[in-house]
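Participant: Required output: the full structure, derived from the provided sequences and hints.
Sequences listed follow chains A and B, in order.
Per our numbering, the first sequence starts with residue 48, numbered consecutively.
Per our numbering, the second sequence starts with residue 8, numbered consecutively.
No lab work stands behind these hints: they were computed from the structure.
Since we're looking at a predicted model, the values are computed, not measured.
Take these hints with a grain of salt, some might be off.
Claimed, not checked - No farther apart than 25 Å at their CA atoms in a straight line, the calculated lysine-lysine pairs in the DSS-like style are these:
| # | chain 1 | residue 1 | chain 2 | residue 2 |
| --- | --- | --- | --- | --- |
| 1 | B | Lys137 | A | Lys138 |
| 2 | B | Lys237 | B | Lys59 |
| 3 | B | Lys195 | A | Lys138 |
| 4 | B | Lys237 | A | Lys143 |
| 5 | B | Lys137 | B | Lys147 |
| 6 | B | Lys93 | B | Lys28 |
| 7 | B | Lys59 | B | Lys28 |
| 8 | B | Lys137 | A | Lys143 |
| 9 | A | Lys125 | A | Lys143 |
| 10 | B | Lys59 | B | Lys147 |
| 11 | B | Lys59 | B | Lys22 |
| 12 | B | Lys22 | B | Lys93 |
| 13 | A | Lys125 | B | Lys137 |
| 14 | B | Lys93 | B | Lys59 |
| 15 | A | Lys125 | A | Lys96 |
| 16 | B | Lys22 | A | Lys143 |
| 17 | A | Lys125 | A | Lys87 |
| 18 | B | Lys93 | B | Lys137 |
One-letter residues, chain by chain:
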Amino acid sequence: MTATAQNELETSVQIGADGRARVIFRGHLDAQTVPACWNKLALDLRVAKLETLEVDASGLQFCDGAGLALLRYLNMGKMTPGAAVSVVGMKADLEKLFNGFTSEDYEAFRPQSQMKCRSLPDEVGGWVRRVTADLREQVEFCGSVVSNLPAAFFDRKRMRWEEVRRVFELAGANAVPIVSLISVLVGLIIAFEALQPLAQFGAQIYVVNMIGLLMVRELGPLLAAIILAGRSGSAFAAEIGTMKINEELNALTTLGLDPVRFLVVQRITAGILLTPLLTFYATFMGVVGGVLVTLGLGFQLALIFHQLTTSVHLSDVAFGAAKGVVFGAIVSAVGCLRGLQTQQGPSAVGISTTRAVVTSILLIVMADAVFSILFFFLKR
Amino acid sequence: MSDPAEIIISVRGLKTGYGDKVILQNINFEVRRGEVFMILGGSGSGKSTLLKNLIGLYPPMEGEVWIEGSNLVTADENQRLLLFRKFGVMYQSGALFGSMNLLENVRLPLDELTALPAPAKELIALAKLKLVGLGASAQKMPSELSGGMQKRAAIARAMTLEPRILFLDEPSAGLDPVTSAGLDRLIKDLAHHYGITFVIVTHDLASIYSIADRVIMLDGGTRMIVAEGKPADLRDNAADPWLRRFFNREPEPDHSAQLN
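Facilitator: Listed below in structure tokens is the structure:
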């Protein structure tokens, strides 16, 4: 026989040689006393193969939900597999609470194993179905935008230019500091990284040519678009997604207003107009970063300028601007689409913003690859 | 006069507001153990602000909030944590965690705040869910439930640590009359069988007449309690015309005049 006192609970465990055991509780069986008591009983009752277990609850002065859980756990025989368990001596009110949640309830409500193993064709089929459904929504969205955009441009009533101006300021003007910092640093990094290999051939001055071409044709548009995707594409998705959850989109529809015409067209217009400007600015700041490095090496500004103007042509600048227009349209359209696709639930807006950024960057890189192939064949 | 031994919540000289703006002042009332106590008032009368003061989410400008003999307003961090264990709160939207199923929602306080073994936590959580009639929905996500079921689940979660007091914010808001009546019956049963004290902020007249033992009425104009007592008494005997209109659900006279 063992006896222990834990705070206000005394637990006695009596195990007979004939496989009969008895547990006696006295005092308070509550959330404070149950953990230690539970562990002790699990150890004490495991030592022998029991045939019967009697739990004497007549000495309990207080028993809360934790105490009831222990009594029910003992009663279900979870600590004494194979033994017949009875709980005796409960006061009437405690017995009523004890019977409020039975072993049958536990078996009916407890979590069942939810491991579901889907077959490979099932998985692939599900994936294809999701991708094609998303593709269909994208095509429908593109159709809706294309049908609304020209009409909105030429009809002052259909285009809310005040909203375009607001988006232009938020997504464009407010992005200038971060675009400046990142572009200058990228120009600086590329210049430093390129200097060492070029120095082996005594060709450090060609860093300027490289920076000029790289920033104008590739990195300027890419930096502007990626910053726009992270900063504004996600904001478009969050804003429209929240509006959808708040049923504001439903309100627009029942007022007879097409959400694409009312919300999306303005954002895409702003995106198309501002991204080439951000692209030029990012290009300029990136070149400034590279020029600062070459100036630091002692090259004359006139020489640097000459190298730049001979290596970068107007067609390169136009090419960068064209990329800016396309990237701007991609980022703003994807942000709006993901916002419109927002589902219900607390994580829905977060999912939409993540999808907006990921899809935008993916499509930007794919569009960039198309531009590169196109430029290669045009220049031949 | 109420017996002090029975008083579980006591609010004394409470003044509350935001910034310099005073919303309520000179608020004094007591809640007795085991009663269903309702806080009523028109829109913007400060009911929700008062509830935030009572549950310690927002400090009042002045005054005391005594819960089971401890002043929540002056309590230090450790005392506040102990006081939080003495009451549960059901928010208007239910505020269930959307990424967890019902069982996980209800088990969360046990996981975080007790040293109970895992089977005990599961048994307690399932028992609480059964108590509110949601045992069979233990593995459903909150998004799969109706508004009434979400509120029931929120009550189960609020009861997990077996508090003596439950604060409910607009429990019948957005529910149909049948679901609302079911929730009223649950509150009544929990108060009767488990001795839980309920403090409820509501507008719902049917609930007020059905389950409230006592009510206080807040007035946004005077920023004070303008009536206190049993709802039927206030309905039948209120001298103030606005109070009579509130308890008899009648519109302001000039509303119909404008339409006519």
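Participant: Hint by hint, note whether the structure agrees.
Facilitator: Hint-by-hint comparison with the structure:
1. Of the supplied pair hints, the one linking B/Lys137 and A/Lys138 holds, its CA atoms being roughly 22 Å apart against a limit of 25 Å.
2. At roughly 24 Å between alpha-carbon atoms, B/Lys237 and B/Lys59 fall within 25 Å of each other, so this suggested pair holds.
3. Annotation: proposed proximity of B/Lys195 to A/Lys138 holds, straight-line Cα distance about 24 Å (limit 25 Å).
4. Note on B/Lys237 and A/Lys143: the hinted pairing is violated, with a Cα-Cα distance of about 31 Å set against a maximum of 25 Å.
5. In summary, the hint linking B/Lys137 to B/Lys147 is supported, as the alpha carbons are separated by about 14 Å, within the 25 Å threshold.
6. Straight-line distance between C-alpha atoms of B/Lys93 and B/Lys28 comes to about 31 Å, which puts the hinted pair past the 25 Å bound.
7. The suggested pairing of B/Lys59 with B/Lys28 holds, with an alpha-carbon distance near 16 Å, which does not exceed 25 Å.
8. A distance of roughly 14 Å separates the Cα atoms of B/Lys137 and A/Lys143; the hinted pair therefore holds under the 25 Å criterion.
9. Between A/Lys125 and A/Lys143 the CA atoms are separated by roughly 22 Å; this keeps the pair inside 25 Å, and the hint holds.
10. Our distance criterion of 25 Å between C-alpha atoms is broken by B/Lys59 and B/Lys147, whose separation comes to about 30 Å.
11. A distance of roughly 13 Å separates the Cα atoms of B/Lys59 and B/Lys22; the hinted pair therefore holds under the 25 Å criterion.
12. Between B/Lys22 and B/Lys93, the direct Cα distance comes to roughly 24 Å. Compliance with the 25 Å bound is thereby established for this hinted pair.
13. A distance of roughly 21 Å separates the Cα atoms of A/Lys125 and B/Lys137; the hinted pair therefore holds under the 25 Å criterion.
14. The straight-line distance between the Cα atoms of B/Lys93 and B/Lys59 is roughly 16 Å, inside the 25 Å bound, and the hint therefore holds.
15. For the proposed pair A/Lys125 and A/Lys96, the alpha carbon gap of about 13 Å is at most 25 Å, so the pair holds.
16. Restraint check for B/Lys22 and A/Lys143: the C-alpha separation of about 44 Å exceeds 25 Å, so the hint is violated.
17. At most 25 Å may separate the alpha-carbon atoms for a hinted pair to count; A/Lys125 and A/Lys87 meet this at roughly 14 Å.
18. At most 25 Å may separate the alpha-carbon atoms for a hinted pair to count; B/Lys93 and B/Lys137 meet this at roughly 22 Å.
Checked against the numbered hints listed earlier, the structure breaks hints 4, 6, 10, 16; every other hint is satisfied.
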